[in-house]
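**Q** Take a look at the letters that make up each chain.
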Amino acid sequence: MKLPPFAYVRARTVDEALALLGEAGEGAKLLAGGQSLVPVLAYRLFRPTHLVDVDSVTGLDGIAVGNGALEIGALVRHARLERARFDGAHRLLALAASHIGHVPIRARGTLGGSLAHADPAAELPVAALALDARVVARSSRGEREVAVGRFLLGPFTTALEPDEMVVALRVPPAAPGSHAGFREFAVRSGDFALASAGVVVACDEQGAVTSARIVVGGVEPVPRRMSDAEDVLIGELLRADTIAAVAGAASVSCEAVGDRNVDADTRRDLVAALVRAALIDVQAEVAA
Amino acid sequence: MSEAASGPRWHDPDERVAVEVVLNGLPTTLHPSPRWTLADAVREHGLTGTHLGCEHGVCGACTVLLDGEPVRACLVLAVQAAERRVETVEGLADGDELHPVQAAFREHRALQCGFCTPGFVVLAAWLVEREPEADLERVREVLSSNLCRCTGYGPILAATLAAREGNDA
Amino acid sequence: MSVIGTSLDRTRDVDLVMGRGRFVADVDRPGQLFARVVRSPLARAALGGVRTEAALARKGVAAVVTARDVPDVRIPIRLPFATTPNAERVLQPLLARDYVRYVGEPVAVIVAEDPWLAEDAAELVELDLDFGLESAAVDLVAAASDASPLVHPALGSNVIDTLPVFCGDVEGAFAEAEVVVRRRLTVGRHTAVPMETRGLVAEHDPATGRLTVWGAAKVKHFNRGVIAALLGLDPEAVRLVEVDVGGGFGVRGELYPEDVLVPFLALTLGRPVKWIEDRAEHLVATNHAREQVHDIAVAARADGTLLAFEDTAWCDQGAYVRTQGLLPAILPGAHLPGPYVWHAFSVTSHAVLTNRTPVGTYRGPGMTEATFVRERMLDLVAAELGRDPIDLRRRNLVPADRMPFTYDLGPEAPPLVYGSGDFPGFFERMLDEAGLDDLKELRSAGRKSDERIGIGVAAMVELGGIGPFEEASLEACPDGTVVVRAGVASLGQGIETALAQIAADGLGVEVGRVVVHHHDTDDVESGFGSFASRSAVVAGNAVAVAARALRERAGETLGVDAAEVDGERDFETLVSVGEMRGRFDKEHPSFSFGAALSVVAVSSETGRVTPLRHVVVQDVGRAVNPALVHGQLAGAAAQGIAGALLEELPYDEDGNPLAVSLADYAMPTMSEVPPIDTVAIESAVPDNPLGLKGAGEGGIGTAPAAVANAVADALGPAGVAVDRIPLTPARVRTMLRDVEGR
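Residue numbers (the numbering used here), protein chains in the order written: chain E, 27 to 314; chain R, 265 to 433; chain H, 106 to 847.
Treat the hints as calculated values from the structure; they're not laboratory data.
Note that this is a predicted model, so its numbers are computed, not measured.
Check before you lean on any hint, since a few could be wrong.
[Claimed, not checked] Estimated spans, in silico, between C-beta atoms of each pair:
| hint | chain 1 | residue 1 | chain 2 | residue 2 | range |
| --- | --- | --- | --- | --- | --- |
| 1 | R | D278 | H | A342 | 35 to 43 Å |
| 2 | E | G85 | R | E397 | 51 to 59 Å |
| 3 | E | E97 | R | V286 | 28 to 36 Å |
[As the list claims (entries may be wrong)] Below, a list of computed lysine to aspartate or glutamate pairs in the DMTMM-like style, where the Cα atoms sit at most 25 Å apart:
| hint | chain 1 | residue 1 | chain 2 | residue 2 |
| --- | --- | --- | --- | --- |
| 4 | H | K545 | H | E657 |
| 5 | H | K164 | H | D174 |
| 6 | E | K55 | R | D276 |
| 7 | H | K691 | H | D513 |
| 8 | E | K55 | R | E429 |
| 9 | E | K55 | R | D278 |
| 10 | E | K55 | E | E42 |
| 11 | E | K55 | R | E279 |
| 12 | H | K164 | H | E239 |
| 13 | H | K164 | R | E279 |
| 14 | E | K55 | E | D230 |
| 15 | E | K55 | H | E224 |
| 16 | H | K545 | H | D555 |
| 17 | E | K55 | H | D628 |
| 18 | H | K691 | H | D628 |
| 19 | H | K164 | R | D278 |
| 20 | H | K164 | R | D276 |
| 21 | H | K164 | H | D133 |
| 22 | H | K164 | R | E308 |
[Unchecked claim] Pulled from the structure, derived: some chain H residues nowhere near chain E, Cβ distances all over 10 Å:
| hint | residue |
| --- | --- |
| 23 | E231 |
| 24 | T313 |
| 25 | M775 |
Glycine included, every Cβ here is placed at the ideal spot set by N, Cα and C.
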């Protein structure tokens with residue numbers, strides 16, 4: 027499991043990284059925290075000819091707040107996200123980050139790396155989708171924003187062009203009075219999630235739900251909003267029976283596939299359990 | 265890795281690169297190839313206390329501190345450690361005087377074969393110092409980062425909690 | 106005061122916590138080359154040819170060897186009672202020739218200047234593989250059928266042997282039964298997976314002709330003999346050195362193809378050769394274990410008296426029989442009766458070949474599988490009779506006044522003789538320790554609304570402390586030390602500390618004087634090694650014999666009785682005696698009682714099983730070093746709990762292994778292991794002077810059974826569906842869903 031051969035260069039700035047990517051051509055891969063890429067290399071499942079190391083690139087590790095919106099640099103480590111004090115529904119990012127692997131993984135793994143890697147079981151893509159965030163990608167041709175839902179195309183597949191790198195995640199302001207919940211199911215502490223649920227709910231003064239995002243991850247090729255389940259919630263109060271109905275709707279609408287870890291029916295059961303638990307978390311926050 | 269003022273240089277796969285680190289408090293130059301991990305490099309340097317249990321980031325036997333944070337040394341390329349602080353198990357004791365966490369592990373019999381022990385000791389020492397107020401659940405959460413096959417974990421938890429108590433004194 | 110029975114610190118611990126251990130990967134020899142094994146990617150294929158030119162052409166590659174370059178020999182079976190004529194026909198060659206029979210089978214070896222180049226070159230070796238039209242034999246029971254593709258066509262069947270064990274009149278007992286419960290029970294494939302993978306460094310010194318191999322473990326003297334024989338060397342010329350070992354649990358130290366290949370390469374190339382197994386390799390190359398299917402019927406009376414059982418077992422051996430022979434199929438028979446009184450029983454055990462990694466003995470082999478099967482059945486019988494499972498056991502445990510208790514297995518087999526032990530008393534001890542009444546209250550209260558609490562128990566008798574004998578030598582040295590030499594192995598269990606305590610006690614010297622040499626075959630002439638919980642019992646007694654002999658001789662010199670000799674005061678006299686040897690013969694194995702109680706919480710919603718508590722008791726006779734004994738029991742219990750809930754080595758229908766990383770193979774973290782209470786029961790043991798029984802394996806034997814019974818208890822009516830391990834969340838949730846009717 028020694029790493030396969032690759033040419034290596036360390037970039038100091040984004041522009042340098044992009045230029046080096048261009049130089050290296052098709053077999054190049056960006057390396058940041060390495061928590062996803064290095065194990066893949068160790069198993070020689072993937073053989074990049076060139077590695078452009080962006081782990082120390084300057085200017086990408088900021089968390090900026092402006093007018094309620096967030097801009098989070100691609101090199102922000104999961105550990106930092108976990109500890110960040112976000113307002114309202116933006117807390118979903120910290121909640122999701124706290125579930126990633128273990129402490130030593132979170133010390134190195136990055137937001138940009140997680141988004142670019144697009145593991146169907148990953149936590150941050152779920153949170154990003156639930157917050158209607160947009161990925162900021164830059165190439166030598168310029169910068170563009172892509173909604174997370176259009177950025178994640180399939181398992182380990184994104185809309186990132188070969189000469190592009192993720193530089194930030196832009197998160198719009200959360201609806202006033204909105205709360206978030208995140209739950210996942212993993213067999214062992216730190217394991218990949220067999221299913222996850224990220225929810226964002228805003229209620230009016232009477233407690234009726236005015237907006238809802240219910241995103242399920244780890245079940246389908248990419249995280250997806252369960253809009254049927256969201257519809258059940260709109261206008262309702264957060265009560266045990268409503269929550270159960272929403273959880274059931276999410277479970278029914280997700281396209282669960284069985285694999286060697288878990289059969290399809292159990293996956294659906296997990297979705298119901300997780301959506302329910304995440305909404306109960308939100309309910310507790312609303313009540314508080 | 266010193267870089268020419270003209271810009272970054274590509275390194276060939278098996279080309280040795282000079283990597284300046286501060287290793288257990290001492291400025292040190294390692295000479296890994298780009299595809300060596302930090303674990304490979306410290307071991308090659310003679311610090312064989314950091315063990316390779318899986319080489320894919322699951323078991324934690326290779327845990328070291330990188331700029332003061334616990335990491336899986338098998339998932340960090342050695343070249344990525346350039347200009348950083350690296351602390352391995354060998355840096356914990358003061359000569360022959362054990363670090364309080366090492367002493368606690370010994371006292372509580374938190375080891376049998378000893379293979380996972382350096383990784384645990386580095387992790388526990390970090391926890392005890394960085395989060396002295398951590399509650400039981402947090403201690404368990406952090407210690408769940410690493411695998412042990414011999415002890416069943418009870419003594420490892422006890423040793424870490426004891427070391428933390430000792431720290432209050 | 107005797108030092109036996111004190112929890113002495115292990116001398117090695119200081120170095121180990123400081124990272125100053127010396128494991129085989131830390132051993133470097135000047136001029137060494139690095140070996141990398143090329144392994145079959147297919148479970149079953151004809152091997153036409155192996156093309157090595159591209160690999161050889163690589164910079165830094167010193168050699169590439171295939172089957173035709175190495176001796177055409179087979180890895181032998183180590184234990185005489187574990188072999189049969191058929192087993193001898195399906196032994197593994199060093200490198201595959203003509204056929205590959207499992208994914209991971211060694212086909213070639215690259216030797217290069219560094220491990221990176223070796224692995225790069227290994228990828229360039231081309232194998233001409235033709236998997237033809239027949240599929241691989243993967244499913245265990247299907248492999249035993251006549252219709253199955255054959256793993257070794259020359260054998261004519263995938264059933265190597267069928268091993269019967271009979272006692273009493275089974276038919277008669279079933280005829281008088283008032284209830285018969287039948288079930289198929291399955292133990293999933295899993296294995297030891299120590300934190301350190303295997304490794305070897307071999308060096309040949311042309312000047313002396315000696316071949317030294319570092320990285321040996323467990324059964325060094327046997328391995329030395331085999332390596333010498335297979336390479337055409339004098340055993341005296343071969344030296345095996347054990348360094349620090351990162352856990353063994355039965356799978357490390359047995360002779361594998363690499364154990365002969367690496368020394369062979371060192372001999373042939375004239376340079377030291379180092380081989381360190383990586384984790385991906387380990388999961389396909391190091392012995393698998395545990396996979397068995399049992400079709401069992403239990404006959405009982407309505408009042409809960411057990412009458413008889415009849416079991417047919419399919420026990421996987423993998424693609425070849427390796428050094429442990431047919432033990433995986435032999436051991437269940439001896440362990441199925443357990444600590445209970447049966448009128449009769451029969452076991453028909455099929456040793457079955459499949460196109461998968463060969464199977465060996467993992468801690469508590471045979472007994473863990475058998476205990477799961479029998480203890481699960483006892484709960485099913487109790488459920489059928491509407492009786493409490495704990496009461497059912499109380500009713501049937503062998504009473505103390507019937508000791509020694511014998512099962513006569515007929516003229517062809519030695520009897521099972523439980524020599525000593527108050528089984529009902531030990532069982533009650535466990536229930537007391539667990540606080541059964543409080544637990545029952547906890548169960549009724551439940552923890553949270555969707556969590557059900559379950560309590561499960563299991564009891565067993567462990568066969569351990571096996572002979573045939575060990576020899577040890579003691580020598581008081583002028584430098585003030587006492588040197589003990591014994592042919593055992595340290596796998597991390599602390600045997601050297603226990604032996605030091607026995608020596609110190611025997612001579613009446615300070616234990617700090619005692620140094621135990623066991624690492625080096627140059628230092629220790631012979632030994633059967635460390636397995637089957639035998640080291641403290643057999644080698645420990647040998648040390649005690651040597652100590653007594655030394656003390657008697659010293660007494661003669663001083664003109665006093667041996668008892669009058671004070672090891673400290675008379676140390677010089679001890680030195681003057683010189684080296685004394687002791688031998689302890691152990692004709693019969695020891696049987697020691699063990700039991701466990703498990704408390705679990707099962708989530709109805711998700712099927713997750715959370716172990717809350719685990720209590721394990723073991724009759725150890727006498728605990729030489731209580732802390733070490735408790736460490737063994739707890740560590741073993743943790744492995745058993747994981748075997749019940751988490752660990753599995755599944756294969757797809759083509760024989761491809763699906764657990765290829767530690768992310769797939771789910772060993773528990775601290776979060777998955779509950780607090781474990783251990784009780785080492787001391788009891789009178791007549792069959793050896795020190796009064797010891799083995800302590801290394803009891804903790805694991807009862808764990809999967811107790812946990813499975815606890816899960817079944819938690820599931821209530823759905824619990825009767827529990828018939829296999831591991832009980833993953835998906836399996837448990839499916840059982841619940843089937844009952845819910847959704």
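**Q** Determine for every hint whether it applies to the structure shown.
**A** Do the hints match the structure? See the list:
1. Separated by about 37 Å at the C-beta atoms, R:D278 and H:A342 satisfy the suggested range of 35 to 43 Å.
2. Our hint of 51 to 59 Å for E:G85 and R:E397 is violated, since their Cβ atoms are close to 34 Å apart.
3. In this structure the hint that E:E97 and R:V286 lie 28 to 36 Å apart at CB holds, the actual value being about 33 Å.
4. Proposed proximity of H:K545 and H:E657 is contradicted: the alpha carbons are some 57 Å apart, above 25 Å.
5. Only pairs whose Cα atoms come within 25 Å are accepted, and H:K164 paired with H:D174 is accepted, the gap being roughly 21 Å.
6. For the hint pairing E:K55 with R:D276, the CA-to-CA distance comes to about 15 Å; that is within 25 Å, so the pair holds.
7. Distance hint between H:K691 and H:D513 is fulfilled; the C-alpha atoms sit about 20 Å from each other, no more than 25 Å.
8. Distance check on the hinted pair: E:K55 and R:E429 sit about 47 Å apart at the alpha-carbon level, beyond 25 Å; violated.
9. As the CA atoms of E:K55 and R:D278 are separated by approximately 18 Å, the hinted pair is consistent with the 25 Å bound.
10. The straight-line distance between the Cα atoms of E:K55 and E:E42 is roughly 14 Å, inside the 25 Å bound, and the hint therefore holds.
11. With a C-alpha separation of about 19 Å, the suggested pairing of E:K55 with R:E279 holds against the 25 Å cut-off.
12. For a cut-off of 25 Å, the pair hint linking H:K164 to H:E239 is broken: about 39 Å separates their Cα positions.
13. Distance restraint check for H:K164 and R:E279: the Cα-Cα separation of roughly 14 Å lies within the 25 Å cut-off, and the hinted pair is therefore satisfied.
14. Simply put, E:K55 and E:D230 have alpha-carbon atoms about 47 Å apart, too far for the 25 Å limit, and the pair is violated.
15. Proximity of E:K55 to H:E224 is assessed by CA-CA distance (about 22 Å); at most 25 Å being required, the pair is judged to hold.
16. Distance check on the hinted pair: H:K545 and H:D555 sit about 18 Å apart at the alpha-carbon level, within 25 Å; holds.
17. Proposed proximity of E:K55 and H:D628 is contradicted: the alpha carbons are some 54 Å apart, above 25 Å.
18. A threshold of 25 Å between alpha carbons decides the hint, and for H:K691 with H:D628 the separation of about 23 Å falls inside it, so the pair holds.
19. For the suggested pair H:K164 and R:D278, the alpha carbons sit about 12 Å apart, so the restraint of at most 25 Å is met.
20. Simply put, H:K164 and R:D276 have alpha-carbon atoms about 15 Å apart, close enough for the 25 Å limit, and the pair holds.
21. Taking the CA atoms of H:K164 and H:D133, the gap is about 22 Å. The hint holds against a cut of 25 Å.
22. Restraint check for H:K164 and R:E308: satisfied, since their Cα atoms lie roughly 21 Å apart, inside the 25 Å limit.
23. Annotated as non-interface, H:E231 keeps its C-beta farther than 10 Å from every C-beta of chain E; the closest such distance is 17 Å.
24. For H:T313, the requirement that its beta carbon stay farther than 10 Å from each beta carbon of chain E is met, with the minimum near 34 Å.
25. Non-interface status of H:M775 relative to chain E is broken: a Cβ of that chain comes within 10 Å, the nearest being about 8 Å off.
The structure does not agree with the numbered hints 2, 4, 8, 12, 14, 17 and 25 stated previously, though it agrees with the rest.
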